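Participant: Following the hints, position chain B against chain A.
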Amino acid sequence: MAGNDIALMAHLMRRAGFGSSYEELEKRVAKGYEATVEELLHPEVQPDLEMDVMNRYMHGWRDMNGLMANQGYWTYRMVNSPRQLEEKMALFWHGIFCVGDSKCMRARQILLELNNFRAHGMGPFDKLLMYLSSDPAMLYYLDNQLSHKEAVNENWGRELLELFSMGVGMDGQPNYTEDDVQACAQAFTGWTIANAIPRYPYGSYENRFLYNRLDHIDEDKTFLGETGNFNGEDVVRIIAKQPATARFIARHLSNYFVSDEPQVPAWQHVAPLHPELIKELEDEYFRSGYELKAMLRVLFNSDAFKNSSFAKVKNPSEMVCGTLRVVGDFTEPKPRFYDPALEIKYMGQDLLNPPTVEGWHTGKEWIDSGTLVERVNFAAGEMGRVESPGIQAIIKRLSSEGTTISAEQLVDGCLEVLGCYQLSEDNHSLLLSHAQPAASLNTNSQEFALTVGQMLQLIVSTQEYQFN
Amino acid sequence: MTSTKKDPVLVVLQLSGGNDFLNTIVPYSNPLYYDNRPNIRIPEDQVMPINDKVGWNPNMAPFKKLFDDGKVAIIQGVGYPNPNLSHFRSMDIWHTCEPEKLADEGWVGRAIRDLDPNKSNVLTGVNFGRGLPRAMAAPGVPVASVGNLETYGVLTSIEVEQERTQALDIFSRMYSPAMGRGPVLEYLSQTGMDALAGADILATAPEKYSSSVEYGPSSMSQYMRNIAQVHMADLGTRFLYTTAPYNSFDTHATQMSAHANLCTNVAQTVSDFYDDLKQNNASDNVVLLVFTEFGRRVHDNGSGTDHGSGGAAFVIGDHVKGGFYGEYPSLESDKLLDGNLHWNNDFRGLYATLLEDWMGLDSKPLVNGSFEKMDFIAKA
Chain A
17 MAGNDIALMA HLMRRAGFGS SYEELEKRVA KGYEATVEEL LHPEVQPDLE
67 MDVMNRYMHG WRDMNGLMAN QGYWTYRMVN SPRQLEEKMA LFWHGIFCVG
117 DSKCMRARQI LLELNNFRAH GMGPFDKLLM YLSSDPAMLY YLDNQLSHKE
167 AVNENWGREL LELFSMGVGM DGQPNYTEDD VQACAQAFTG WTIANAIPRY
217 PYGSYENRFL YNRLDHIDED KTFLGETGNF NGEDVVRIIA KQPATARFIA
267 RHLSNYFVSD EPQVPAWQHV APLHPELIKE LEDEYFRSGY ELKAMLRVLF
317 NSDAFKNSSF AKVKNPSEMV CGTLRVVGDF TEPKPRFYDP ALEIKYMGQD
367 LLNPPTVEGW HTGKEWIDSG TLVERVNFAA GEMGRVESPG IQAIIKRLSS
417 EGTTISAEQL VDGCLEVLGC YQLSEDNHSL LLSHAQPAAS LNTNSQEFAL
467 TVGQMLQLIV STQEYQFN
Chain B
26 MTSTKKDPVL VVLQLSGGND FLNTIVPYSN PLYYDNRPNI RIPEDQVMPI
76 NDKVGWNPNM APFKKLFDDG KVAIIQGVGY PNPNLSHFRS MDIWHTCEPE
126 KLADEGWVGR AIRDLDPNKS NVLTGVNFGR GLPRAMAAPG VPVASVGNLE
176 TYGVLTSIEV EQERTQALDI FSRMYSPAMG RGPVLEYLSQ TGMDALAGAD
226 ILATAPEKYS SSVEYGPSSM SQYMRNIAQV HMADLGTRFL YTTAPYNSFD
276 THATQMSAHA NLCTNVAQTV SDFYDDLKQN NASDNVVLLV FTEFGRRVHD
326 NGSGTDHGSG GAAFVIGDHV KGGFYGEYPS LESDKLLDGN LHWNNDFRGL
376 YATLLEDWMG LDSKPLVNGS FEKMDFIAKA
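These protein sequences, in sequence, are chains A and B.
Letter by letter, the first sequence follows residues 17 to 484 of our numbering.
Letter by letter, the second sequence follows residues 26 to 405 of our numbering.
All clues given are correct.
Straight line, CA to CA, 27 Å or less: simulated DSS-like cross-link-like pairs of lysine-lysine:
no., chain 1, residue 1, chain 2, residue 2
1, A, Lys380, B, Lys144
2, B, Lys346, B, Lys303
3, A, Lys295, A, Lys380
4, B, Lys126, A, Lys165
5, A, Lys380, B, Lys126
What the hints contain is simulated information worked out from the structure, not anything from laboratory work.
What you are looking at is a predicted structure, and each value in this text was computed from that prediction instead of being measured.
Only chain A is shown next, with the shape it has when bound in the complex (with noise of 0.2 Å):
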């Protein structure tokens, strides 16, 4: 086997998107890593997911109002979708611009705020931000409609600069005054949603974003050391062009492709772990005219992410949809279809309902008692499943050594094919003296297939499977 290439394509392929069969990371090798990437970040090249089936028999899809319908849809799209880094970045900025359906109660409007996440998450960041400001979820969620004139309401403002393109500071600093919180609330006076069509008798419709210049602050304001008569295009440019606005988008994509940062708060205070890497980040956002496509590009292809294996805790979609695609199973409509969805919730993701507007706690904060008793049993519960077809591929692949194989190639194999996990010289050593008491293992016995399935099941049980 192709050794550190395969097992380099295997490491890209988790972060960049949900983890690869064996048999595709071997295609990906031929094509080779830089070509990869190439592709990935661009999904336009591949084609979109085919889903004229799956919307015929999932008649919750058709108007996408319910959450569970949402959940459920884009638990598939994350497991089938061949435009792999699409879907990885509609969660990253997902985990970022939180929208919750516990205050929208519109799960078609975050299903609208996902399209563009797809449609424009890797282009210009000016560009993705001047759409979360105009949609209609997320000013629902931080009660822009709420901000008039004479009231204003300073949420989606303060948030903005907090949140979603700043943060609260970096190096030690401060990176705005309270002051530029309130001038970015002002310059966003009157971006508003149309009032709601009703929704009886004639079903949901999507709510309109709306510009209400006689409800919007019609003067200067300073912001950011600027003066002028902003409205929320001109924030959102003076936001773009600020280092602080390329520090944390960078160090955003590091804690989220690399390795776990301390939890966002943290960030003013806490140097980011790949310095190096940052500043790298940083040149390439303002070289390239703020464009995520070009940062993304110059991350995969670093060494700081070349060498971060295992570096970072599964988040849950991760571990669920990682999983069903090792499984390959989940591919058309059967019955208790939601599962997968469910299990990313039981794990403590409710996709499209972040607790708060600061989104998931991630890293290790994911693992608690449990949600370990969630993840262990789930994953060990797929691998169970010898009869699925990606199952039965590892065992096919694994007789193909010989007609018998050693306790070695039994555990070292199953290693390889789920993405050359590597464990604990003590883990290893486990598995291979609950390999042992058989001498070599008939491959060709009816049993191969049930020992293959027992050695997958405490593979994904181990600590380290818990790792991307």
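Facilitator: For chain B alone, coordinates are given in the frame of chain A:
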């Protein structure tokens, strides 16, 4: 603090979806009730009167009996400022005690941290149901979340018993503490051991349990039975929590039949639970809170009722002073809040009473402030 011999225990039963207060404790002598409820009403002759103003829903006889025995405090018109009519948001507010801003720490999770700061018992808090309610979530607080007590555990997805035993043995050795693995891996290993320990201890509960009480088949009834099992197993568990199926109380349509079934189920389950504890001499240190995220719209919609405010909660137990607390919200149209019952006592005062007068904790940091307590816990 009440001086019971054993440590006090709080059980929470969450009625998810918004229970219709007006058809639970029915204001049967008020003509405004019948004016507003042309369809979704309990006829006067079916109500089981408590006094000349209000009475029980006819499907709640077992609950009425507990009330008549003086064990039930009815908390009327409970809510919070600026009621929110979203299920999720309103439930979040009840869970986090933060009506103004979004928060992610729950009041029970914080209370568990207060009771057991060193995490000496991984089962101080136990939830029944898949996924943890936010009420029990707090960073670093171990809480077991049990989907099925009979089968709860690590690696239950391995069906063949012998294989599972082997796998568990390997799991426990893999997760055993080892030096030099780095903080995240060590944390993960410790969490795995906590989970395993919790599962092992919980597995003993059904074996220790015997009772002549037969609970109903609904998941709520079965989870309340599980709560009784864990409580009687003396595992040091102080908070036990469960939720009626997600949004089952959300009776926008066909409420008359649906709500009758719900009332029957809740009343019988609570009564069975109490009988079970009583029979086994285990009721003395238990208080049960039953709550819902909001009440329903005063005026019905023809087939059901829409989201409202000003709901009711119930507190049940040996040490509860039965009776009415708070006021029954007025049905006068000018006293309503956008067509909904106006809350008149803050749920955080209800929590404060339970946390301080029953659990013996300082409630202020747990419920985010000082709120007027109620006098429903009998001092020993």
